[in-house]
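Visitor: Each chain, letter by letter, is given below.
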Amino acid sequence: MTGRTVSSAGPAVPRSPLAGPVRRAAADIFSWRFALLLFAGAVVVYPLLWVVSLAFSGQQSLQLVQLPGDATAWQQLAALIPLPQQWSLENFRAVLTEQPFLRWLLNSLVVSLGTTLVGLALACSAAYAFSRFSFPGRDRGLVLFLISQMFPAVLMLIPLYVIVVQWLGLGNSWLGLVLVYAITALPFCVWMLKGYFDTLPYEIEESALLEGASRFTIFYRIILPLARPAIAVTGLFSFMTAWNEFILASIFMDDEALYTVPVGLRFFVSDYASEWGYFAAGAILVSLPVILLFLSLQRFLVAGLSSGAVKG
Amino acid sequence: MARIEFRRVVKQYPDSPPTVPGLDLSVRDGEFMVLVGPSGCGKSTTLRMIAGLESVTAGELWIGDRLVNRVPPGERDVAMVFQNYALYPHMTVFENMAFGLRVRREPQAQIRTKVERAAETLGLTGLLGRRPGQLSGGQCQRVALGRAMVRDPQVFLFDEPLSNLDAELRVQMRGNIGRLHREFATTSVYVTHDQVEAMTLGQRIAILNGGELMQVGTPMELYGDPDNVFVAGFMGSPPMNIVAVQNLGRALRNAVLEVPLAGLEGLPGELLLGLRPEKLEYAAAAPAHWPRLRAAIEMVETLGAEMLVHLGEGDTRMVARLPGLRPLAAGETIELAFDPRAAYLFDADSQRRIRLSQPVESAEPAL
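As you go down the protein sequences, you meet chains B and G in turn.
Letter by letter, the first sequence follows residues 1 to 312 in the UniProt record's numbering.
Letter by letter, the second sequence follows residues 1 to 367 in the UniProt record's numbering.
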């Protein structure tokens, strides 16, 4: 506004330095792009708001607001806003103490960490080989990896069950799930890491070769530290896949004490129960570790560690 | 320290013509040899074969008294400086220089001494704790140099190490590299496409073209006594003028000049005449018996103390390097003269040098 008055005073008067930014900000806010972003933001956040409200409502019902029979249109509209009538931590307390939720959390943590470690170890070494060595079947192997990603994961359900549970006898065990998760995530991880390894200048390795370093030394002391951003992203992906996976876990794990969190959560809301409050509180508790992991890995997610290695 | 010897060395990639069709070259113990040539001439491939980063398809490659065809790079005791430095970006300058020594499990105290000594020689002492990303290009290249030095290898290899530096730094680093070689006298092979670098650094220069060795010799041998048109045209800036001339038996002639020469009998009718730009002088000040040439000026490049005058007449193009005192303009015709002893003759077909059996200076002016 100030900008407008100043500029109207005449072309000779210099404009206030604020005029430009303010007007530009105003133009941004009242643009269709901004509206679109707001809408998209609402679409993403609205369900989350429901979960949070349910979790803190202290009750199990999906209806946060009891509408009278003759509710006005305004009241009905207001009921769409997910706000509990009272706030309570009761759902969290119950989930953590009355249910075996902590036990499931531990199961999930062990399985997910195991998956991340096993998956990264396999994916890093495989991706390095695919990136740097030429061997028969190299290109075909990469394509096969891609093809394997084109089938829905459910297709693998029966063969995996036969192999893991019946042949290996690894049903109802952490190890079985770790193996299955690590290996099904492998194609994606290998592609991801290979792409990053490809960007690391080969001269660095040649230089190390000339200095007498073995391939393993180069891989361990040079490539892995340089690929930290990619490894962080890939590790996060592995962890989250394992952490959130439901179908395989629900089939391989019969023993309630071995449930992972997604499987356990499911029993809050089933044919026989509809404890939406526990479900929502559990869901929030489940997301916390992933959020923490994300935050702690954030600095590695910033690529560019290899800048300065060579001059392009 | 060691000599390096190529015996009929061939490098060929599958499904392509040989990059190096058969190289015979020996680098003497303690010598600074420069491999120079246009891009794609096989000079880098040759260097990488010495390093072991490229395999040898056929022939023998000797370092010292070891046949190294099948020796892995890490066991050849060679150190290499790369064009893009190839420093380890996640390690400090100290760690970069110590890496090779650590891999070889040298004692900690010894590593520290060696690295610090090299850092001092190269003026890197204050930078030992920094990472490559925090260094300038020149500093990076000095670290790369230091990393090679601390290992005290038998052979130093340089793969266009100065190409990424600006002109001023390049001169400075050239001085550094030259000084280091005088100090340590380690056998060195240096690849470049820059003939000034080759001339200033090389004790001997090997000129390669299309994988073939064109000539090996000291810088002045190559400049003053080129074996063929390629070498004549490659060394010197601006390069030697090569013009087609007709052999008249007692003289050579084309549109702009006529050079009376003895000893032309029996030579082909079409020859190439080579004249260095700096050997052309204003006719007015030149001895009367020197051959003259008259041509139109196409362009004048003024460099201050001197100017490069581009001449053209018909199909003949020449450059003269003249003192930059007179105002010359494009379109004018200029008369220049040259000492016939400074002229080179080449066979037009084989491009090889023709050395007249009779010394050129005995030629008498025909007119």
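Keep in mind that the hints were calculated from the coordinates and are not lab data.
It is possible that part of the hints are untrue.
Stated by the list, open to error - Listed below are several chain B residues computed to face chain G (Cβ distance under 8 Å; list not exhaustive):
hint	residue
1	L186
2	P187
3	E206
4	L210
5	I222
Claimed, not checked - Facing chain G, according to a computed beta carbon distance under 10 Å, are these residues of chain B, among others:
hint	residue
6	A73
7	Q76
8	L77
9	R138
10	D198
11	A208
12	G212
As the list claims (entries may be wrong) - So the derived label-pair ranges between C-beta atoms look like this:
hint	chain 1	residue 1	chain 2	residue 2	range
13	G	Q12	B	W167	28 to 36 Å
14	B	R33	G	D166	55 to 63 Å
15	G	G133	B	A42	50 to 58 Å
16	B	Y220	G	D349	55 to 63 Å
Just so it is clear, the structure is predicted and the values come from calculations on it, not from any experiment.
Ideal Cβ placement from N, Cα and C applies to all residues, glycine included.
Visitor: Would you mind marking each hint as holding or not holding in the structure?
Guide: Structure-based check of all given hints:
Proximity of B:L186 to chain G is violated relative to the hint, the smallest CB-CB distance being about 26 Å (cut-off 8 Å). For B:P187, the suggested interface contact is broken, since its CB lies about 28 Å from the closest CB of chain G, more than 8 Å. Taking 8 Å as the C-beta cut-off, the interface hint given for B:E206 holds, the closest approach to chain G being about 5 Å. At about 5 Å, the closest approach between the beta carbon of B:L210 and any beta carbon in chain G falls short of 8 Å, and the interface hint on this residue holds.
Nearest Cβ of chain G to the Cβ of B:I222: about 6 Å, under the 8 Å cut. The hint holds. Interface restraint check for B:A73: the shortest CB-CB distance to chain G comes to about 62 Å, outside 10 Å, so the restraint is violated. With its C-beta approaching chain G no nearer than about 60 Å, B:Q76 sits outside the 10 Å limit, and its interface hint is violated. With a least beta-carbon distance of about 56 Å to chain G, the hint placing B:L77 at the interface is violated under the 10 Å criterion.
Among the interface hints, the one on B:R138 is violated; its C-beta lies about 15 Å from the nearest C-beta in chain G, farther than the 10 Å criterion. Restraint check, B:D198 versus chain G: the minimum CB separation of about 16 Å is more than 10 Å; hint violated. A hinted interface residue such as B:A208 counts as satisfied when its beta carbon comes closer than 10 Å to some beta carbon of chain G; here the least separation is about 7 Å, so the hint holds. Annotation: B:G212 was flagged as interfacial toward chain G, and the flag holds, the nearest CB pair being 4 Å apart, inside 10 Å.
Range check, G:Q12 to B:W167: about 50 Å between beta-carbon atoms, so the 28 to 36 Å window is missed. For the pair B:R33 and G:D166, the supplied restraint of 55 to 63 Å is violated, since their beta-carbon distance comes to about 43 Å. At roughly 42 Å, the beta carbons of G:G133 and B:A42 sit outside the given window of 50 to 58 Å. Taking 55 to 63 Å as the suggested C-beta distance range, the pair B:Y220 and G:D349 conforms, at roughly 59 Å.
Checked against the numbered hints above, the structure violates hints 1, 2, 6, 7, 8, 9, 10, 13, 14, 15; every other hint is satisfied.
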